[in-house]
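A.B. asks: So the chains spell out like this:
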Amino acid sequence: MMKASAFESYHPIVLFIFFASTIFFTMFLTHPIYLAISLAASALLLSTLIGLKELLKTTLYTMPIFLLISISNPVFSHRGVTPLFYINYNPITLESTLYGLAMATMIVSIMLWFRCYNLIMTSDKFICIFGNTIPILALIISISLRLIPRLKDQIKRISNSQRTLGMYTDTGNILEKVKSRIRILSILITWALENSIDTADSMKARGYGLKNRTTFSIFKFDKRDIVLLSIILLLILINIIGEIQKYSSYHYYPYISNIDLSLKATFYYISYLLLTILPTIIEIKEDLKWQSLKSKI
Amino acid sequence: MAIIKIENLSFSYPEQKSKAIDNISISIEKGDFILICGKTGCGKSTLIKQLKPEITPYGEKEGNIYYKNSPLETLTNKESAAEIGYVLQNPDNQIVTDKVWHELAFGLENLGVPTPTIRRRVAEMASFFGIEKWFREDIKNLSGGQKQILNLASIMVMNPKVLILDEPTAQLDPIAATDFINTLYKINQQLSLTIILVEHRLEETFPIADKVLVLDKGKKLIYDTPRKVGQSFGNSKNHSIIHGFPTPIRIYNECNTNDKCPITIREGSAWLSKNFKSNANKVAPYRKPPHSKVVLELKDIWFRYGRELPDILRGVSLKVYKGEIFSILGGNGSGKTTTLNIISGINLPYRGKVLIHGKNISDYKKKELYHNNIAVLPQNPQTLFVKNQVEKEFEEIVNVMKYNKDEAIEKIHSIAEVLNIKHLFKMHPYDLSGGEQQKVALAKILLLNPKIILFDEPTKGLDGYSKKILGSILMDLKKTDVTTIMVSHDIEFCAKYSDRCALFFDGNIVSEDGPVAFFSNNNFYTTAANRMSRHIFKNAITSEDVINLCQQNLKNDIIKEA
Amino acid sequence: MSAKFKKRYNKRSLIISASVILLIIPAIIAIGVKLFNDRKYNLISFIVTFLACIPFFAKFEQRKPRPREILCISVMSTLSVVGRLIFVMLPGFKPVTAITAITGAFLGPESGFLTGALSAIISNIYYGQGPWTPFQMLTWGLLGFIAGILSKFNLMENKIVIILYGIFSGIVFSLMMDIWFVLSIDGLFTWEQYYMAIIAALPFTIIYCISNVVFLLLLYRPIGEKLERVKLKYGLMQN
Numbered sequence: 001m002m003k004a005s006a007f008e009s010y011h012p013i014v015l016f017i018f019f020a021s022t023i024f025f026t027m028f029l030t031h032p033i034y035l036a037i038s039l040a041a042s043a044l045l046l047s048t049l050i051g052l053k054e055l056l057k058t059t060l061y062t063m064p065i066f067l068l069i070s071i072s073n074p075v076f077s078h079r080g081v082t083p084l085f086y087i088n089y090n091p092i093t094l095e096s097t098l099y100g101l102a103m104a105t106m107i108v109s110i111m112l113w114f115r116c117y118n119l120i121m122t123s124d125k126f127i128c129i130f131g132n133t134i135p136i137l138a139l140i141i142s143i144s145l146r147l148i149p150r151l152k153d154q155i156k157r158i159s160n161s162q163r164t165l166g167m168y169t170d171t172g173n174i175l176e177k178v179k180s181r182i183r184i185l186s187i188l189i190t191w192a193l194e195n196s197i198d199t200a201d202s203m204k205a206r207g208y209g210l211k212n213r214t215t216f217s218i219f220k221f222d223k224r225d226i227v228l229l230s231i232i233l234l235l236i237l238i239n240i241i242g243e244i245q246k247y248s249s250y251h252y253y254p255y256i257s258n259i260d261l262s263l264k265a266t267f268y269y270i271s272y273l274l275l276t277i278l279p280t281i282i283e284i285k286e287d288l289k290w291q292s293l294k295s296k297i
Numbered sequence: 001m002a003i004i005k006i007e008n009l010s011f012s013y014p015e016q017k018s019k020a021i022d023n024i025s026i027s028i029e030k031g032d033f034i035l036i037c038g039k040t041g042c043g044k045s046t047l048i049k050q051l052k053p054e055i056t057p058y059g060e061k062e063g064n065i066y067y068k069n070s071p072l073e074t075l076t077n078k079e080s081a082a083e084i085g086y087v088l089q090n091p092d093n094q095i096v097t098d099k100v101w102h103e104l105a106f107g108l109e110n111l112g113v114p115t116p117t118i119r120r121r122v123a124e125m126a127s128f129f130g131i132e133k134w135f136r137e138d139i140k141n142l143s144g145g146q147k148q149i150l151n152l153a154s155i156m157v158m159n160p161k162v163l164i165l166d167e168p169t170a171q172l173d174p175i176a177a178t179d180f181i182n183t184l185y186k187i188n189q190q191l192s193l194t195i196i197l198v199e200h201r202l203e204e205t206f207p208i209a210d211k212v213l214v215l216d217k218g219k220k221l222i223y224d225t226p227r228k229v230g231q232s233f234g235n236s237k238n239h240s241i242i243h244g245f246p247t248p249i250r251i252y253n254e255c256n257t258n259d260k261c262p263i264t265i266r267e268g269s270a271w272l273s274k275n276f277k278s279n280a281n282k283v284a285p286y287r288k289p290p291h292s293k294v295v296l297e298l299k300d301i302w303f304r305y306g307r308e309l310p311d312i313l314r315g316v317s318l319k320v321y322k323g324e325i326f327s328i329l330g331g332n333g334s335g336k337t338t339t340l341n342i343i344s345g346i347n348l349p350y351r352g353k354v355l356i357h358g359k360n361i362s363d364y365k366k367k368e369l370y371h372n373n374i375a376v377l378p379q380n381p382q383t384l385f386v387k388n389q390v391e392k393e394f395e396e397i398v399n400v401m402k403y404n405k406d407e408a409i410e411k412i413h414s415i416a417e418v419l420n421i422k423h424l425f426k427m428h429p430y431d432l433s434g435g436e437q438q439k440v441a442l443a444k445i446l447l448l449n450p451k452i453i454l455f456d457e458p459t460k461g462l463d464g465y466s467k468k469i470l471g472s473i474l475m476d477l478k479k480t481d482v483t484t485i486m487v488s489h490d491i492e493f494c495a496k497y498s499d500r501c502a503l504f505f506d507g508n509i510v511s512e513d514g515p516v517a518f519f520s521n522n523n524f525y526t527t528a529a530n531r532m533s534r535h536i537f538k539n540a541i542t543s544e545d546v547i548n549l550c551q552q553n554l555k556n557d558i559i560k561e562a
Numbered sequence: 001m002s003a004k005f006k007k008r009y010n011k012r013s014l015i016i017s018a019s020v021i022l023l024i025i026p027a028i029i030a031i032g033v034k035l036f037n038d039r040k041y042n043l044i045s046f047i048v049t050f051l052a053c054i055p056f057f058a059k060f061e062q063r064k065p066r067p068r069e070i071l072c073i074s075v076m077s078t079l080s081v082v083g084r085l086i087f088v089m090l091p092g093f094k095p096v097t098a099i100t101a102i103t104g105a106f107l108g109p110e111s112g113f114l115t116g117a118l119s120a121i122i123s124n125i126y127y128g129q130g131p132w133t134p135f136q137m138l139t140w141g142l143l144g145f146i147a148g149i150l151s152k153f154n155l156m157e158n159k160i161v162i163i164l165y166g167i168f169s170g171i172v173f174s175l176m177m178d179i180w181f182v183l184s185i186d187g188l189f190t191w192e193q194y195y196m197a198i199i200a201a202l203p204f205t206i207i208y209c210i211s212n213v214v215f216l217l218l219l220y221r222p223i224g225e226k227l228e229r230v231k232l233k234y235g236l237m238q239n
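Chains as they are written, first to last, in the numbering used here: chain P, 1 to 297; chain D, 1 to 562; chain Y, 1 to 239.
Hints were generated in silico from the structure; no laboratory data involved. Treat each hint with caution, since some may be false.
What the hints assert, rightly or not - Using 16 Å as the maximum straight-line C-alpha spacing, the simulated EDC-like pairs for lysine to aspartate or glutamate come out as follows: (1) Y:Lys231 / D:Asp431; (2) D:Lys367 / P:Asp170; (3) D:Lys366 / P:Asp170; (4) D:Lys228 / D:Asp210; (5) P:Lys125 / D:Glu137; (6) P:Lys125 / P:Asp225; (7) Y:Lys231 / P:Asp198; (8) Y:Lys233 / D:Glu15; (9) D:Lys366 / P:Glu176; (10) D:Lys52 / P:Asp198; (11) D:Lys367 / P:Glu176; (12) D:Lys387 / Y:Glu225; (13) P:Lys179 / D:Glu396; (14) D:Lys387 / Y:Glu228; (15) D:Lys68 / D:Glu29; (16) P:Lys125 / D:Asp138; (17) D:Lys186 / D:Glu204; (18) D:Lys140 / D:Asp92; (19) D:Lys451 / D:Glu368; (20) P:Lys211 / Y:Glu61; (21) D:Lys274 / D:Asp259; (22) D:Lys365 / P:Asp170; (23) Y:Lys233 / D:Asp431.
As the list claims (entries may be wrong) - Some chain P residues well away from chain D (every beta-carbon gap over 10 Å; in silico): (24) Ser9; (25) Met63; (26) Ile65; (27) Ile71; (28) Leu94; (29) Met121; (30) Val227; (31) Ser249; (32) Tyr253; (33) Leu261; (34) Ala265; (35) Leu274.
Computed from a prediction, not measured in an experiment: that's the story for all the values here. Quick reminder that beta carbons are idealized off the backbone N, C-alpha and C, glycines included.
Hey, can you work out the whole structure from these sequences and the hints?
C.D. replies: Listed below in structure tokens is the structure:
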């Protein structure tokens, strides 16, 4: 299902820095060009991950939020100086309409970025990143991820057993259902707590709690990770400089600012575009490589 | 050189009068494979926990334990963690993390081993144990056997000098259990690692052990080579421990032949050939299955878990008669447990009919089906416990069944009597041993006054003696016309107690008969006693059958000689 | 370590934790608002809520908790995640807050915070991380923390306090999520929109309150007994 195998295979830290920076910039920059780039890049990456059909489906789900935000903003906010028309003597302004559109674009891109993040940053990568900084919490998360499928399984067993005692029902009124399920939860809690003691013994038996614990990770930090990380960091730096020089700032109120199309501004736009479509570039590069390999075979 | 030496060791738990371990002295040589056996509650687990300081329970200890000639207490935490490995019973509970590779690395992380070294040692272990294929897998996708191998590997990766295992195969099916024991044998032979194994599955472990320690009520009964242990029980054959011993040893001990005690099936059949040449009395009595009223009928049952999923059951039909013990055997995934769930109404077939007392199961109301009718004893009795006291578990059912007060007291009393669980009434269900939990769960179910009881793997994790008790409970129920249907991997148990057996394969029944016909017609899928004796005796499927025939023949021989 | 010293130590850590909540977090917000010059509330809130969790995490990491403590927190957070599945047929009617609060009450404010925060992380690993993750972490964390503090003063034994806490926590959770919602609409915070959001979310707020009260009343004693039993049986949380 996952097609973005090339980007996905980089070290989790590189991936995490990529997502952290793109999501940060998307939330921070309200400049229409930056927002458009972010939206396009996130959609592009998501389509390589889940295919065009699924992408359209996801976008369809985000439509209500898009409409809600883009419509509600001009209705509530009457800031701005260019009235388009009036509702109940309240002006609907061009500025607040555009601002609403910008915000709607932002929230949709954030959602798409997070969707990509969730697909690529699987739990083991998440744990790898935090394994060094917060090792104990990372371990707790790992234990929990192990427990979730076990508890789910146990819920099924418990409800089957309780059903044959005549003490559990799927049908009936809400009160009965809630009662049945609280019973299951209660049995589950006892089971989970009592059985966790074995796990504690197993941890102690293998020396948990000794001094100087290390953290092992299956992910290796290779040369290609350094290369990609350097590119990402360089692009982040350029974009920060762009922000400091106010190339990426934009005002909607009281009237919308002009879009700077100077050479220097365009340079910053392109650097942002490069940052956000890096994963897609990597995928295309990989595809080409395989095509040439195939023709050689 | 003795790697572990135990001197006059006694141990008692806080606030308990009797000693859990009573004055035990043994010495374990480096590279030995030590098997420890005895009835549940004989102090096996307590003893081996004394050898692993991290998990030694609180209590009063006397005597000394030496590890490599110095007292165990002088071992540093790090040495103890690395050098003494410990595998627990439940394969699921002892896995800490969610990934196979992480679990393998966990111990080394704790020891503070740097990443490159961990990478190498984990790789080494994964290839030794054949884990490479599922190295990157989520733990949830592993089978029980794979999980236990993983537990073993994640201890072996720390390079222990002694490996201690507490009933590691109790929760595994027979094939996975044999695999696991073979792996143990392999690491003992190839790495000359000292292994201390507590087990109920003695048939497979007796032959590979160097020494066997038999415990009873915390005391050392005997500590010797397996053959000598087998031999020595001739004098004390009424000792209940012998119920768990391998079939050849049990048969040998019932016939005073005064030769070498056989330990394996191969030795056992040679021993039989040597001692029983005469042609008389070679046929065991044929147990005839009862053919009374049909209480349950499956008619052409088809089942799958979803529209797109493959069929689990493919046209199963069977009849079960009133008061019989009906066993369903077969490998993992053959559809045994699903059939049980169909009978109990938990799963609904997409084709076919389930008739209970002649009435379609879907026509029963929920209460009619589960009260005074069908009851299920699940594989894991813990799924039945709701309260924090055994007594309250019973009260709950009494309330649901609307018994009046006298009736309730009478019922609880008589069931508790039969199951011998009166002393457990004030305890927390989770403080009981596996066998006790099962009995309490059974008592809870019996209070529902069932006519048909379904058992799912009732002998899992039980020692030989507890199995015998369970068997006699089943026979008692049979006397009251209760029908028993059980799903089991335990061939020996089914052979001994069933009226009829059915073999499941690939979603359907492939053979179905009384136990004698059923097992004596199978070549591989049959009991140890049958495999050992089939070349001499006909229809002998349990060790009791073989013992009876042996004794009769011996008597005849004596009469002839006289 | 003498019992007396231990008690004093506990009190000190209580003061530290309380000051983190009452002083440091508002300070971060104030600095954040100044730094970003009165805009991008969504981003500030995202960062601040995340930062606010860090003192708790750091303290826990430093303390080197024992395996049984680790497992208790892990089991309780997993239970609250899986609890959502058990009640999947009733939207909004979830035991997460109740389980977090009970853990806090019986294992202390710190465990309460961690259980709440980790419940949020773990359930979002399953259902998808999003900008709401830090908000849920902080809200559930603090609710667990507060329950822990209340129980330090033996207040959680009182049924009325439990009911009040259940309603309070339902409202707080809803209000916090509304803040997140308003902020994500246009990156700004206006009271007008906030009121609208609160009104729109009212049915859910009511369900939250009811479910919290129901779960707390039904589960407080039983889970408490279970936790106490595990604590006693295995000498948990002792050093």
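A.B. asks: Now look at each hint and say whether the structure bears it out.
C.D. replies: Hints, one by one, checked against the model:
no. : hint                : in the structure
1   : Y:Lys231 / D:Asp431 : holds, 14 Å
2   : D:Lys367 / P:Asp170 : holds, 14 Å
3   : D:Lys366 / P:Asp170 : holds, 11 Å
4   : D:Lys228 / D:Asp210 : holds, 11 Å
5   : P:Lys125 / D:Glu137 : holds, 14 Å
6   : P:Lys125 / P:Asp225 : holds, 15 Å
7   : Y:Lys231 / P:Asp198 : holds, 14 Å
8   : Y:Lys233 / D:Glu15  : holds, 14 Å
9   : D:Lys366 / P:Glu176 : holds, 14 Å
10  : D:Lys52 / P:Asp198  : holds, 14 Å
11  : D:Lys367 / P:Glu176 : holds, 15 Å
12  : D:Lys387 / Y:Glu225 : holds, 11 Å
13  : P:Lys179 / D:Glu396 : holds, 15 Å
14  : D:Lys387 / Y:Glu228 : holds, 15 Å
15  : D:Lys68 / D:Glu29   : holds, 10 Å
16  : P:Lys125 / D:Asp138 : holds, 13 Å
17  : D:Lys186 / D:Glu204 : holds, 14 Å
18  : D:Lys140 / D:Asp92  : holds, 9 Å
19  : D:Lys451 / D:Glu368 : holds, 12 Å
20  : P:Lys211 / Y:Glu61  : holds, 14 Å
21  : D:Lys274 / D:Asp259 : holds, 10 Å
22  : D:Lys365 / P:Asp170 : holds, 14 Å
23  : Y:Lys233 / D:Asp431 : holds, 10 Å
24  : Ser9                : holds, 13 Å
25  : Met63               : holds, 30 Å
26  : Ile65               : holds, 33 Å
27  : Ile71               : holds, 41 Å
28  : Leu94               : holds, 53 Å
29  : Met121              : holds, 15 Å
30  : Val227              : holds, 22 Å
31  : Ser249              : holds, 44 Å
32  : Tyr253              : holds, 49 Å
33  : Leu261              : holds, 49 Å
34  : Ala265              : holds, 45 Å
35  : Leu274              : holds, 32 Å
Hint violations for this structure: none, all hints satisfied.
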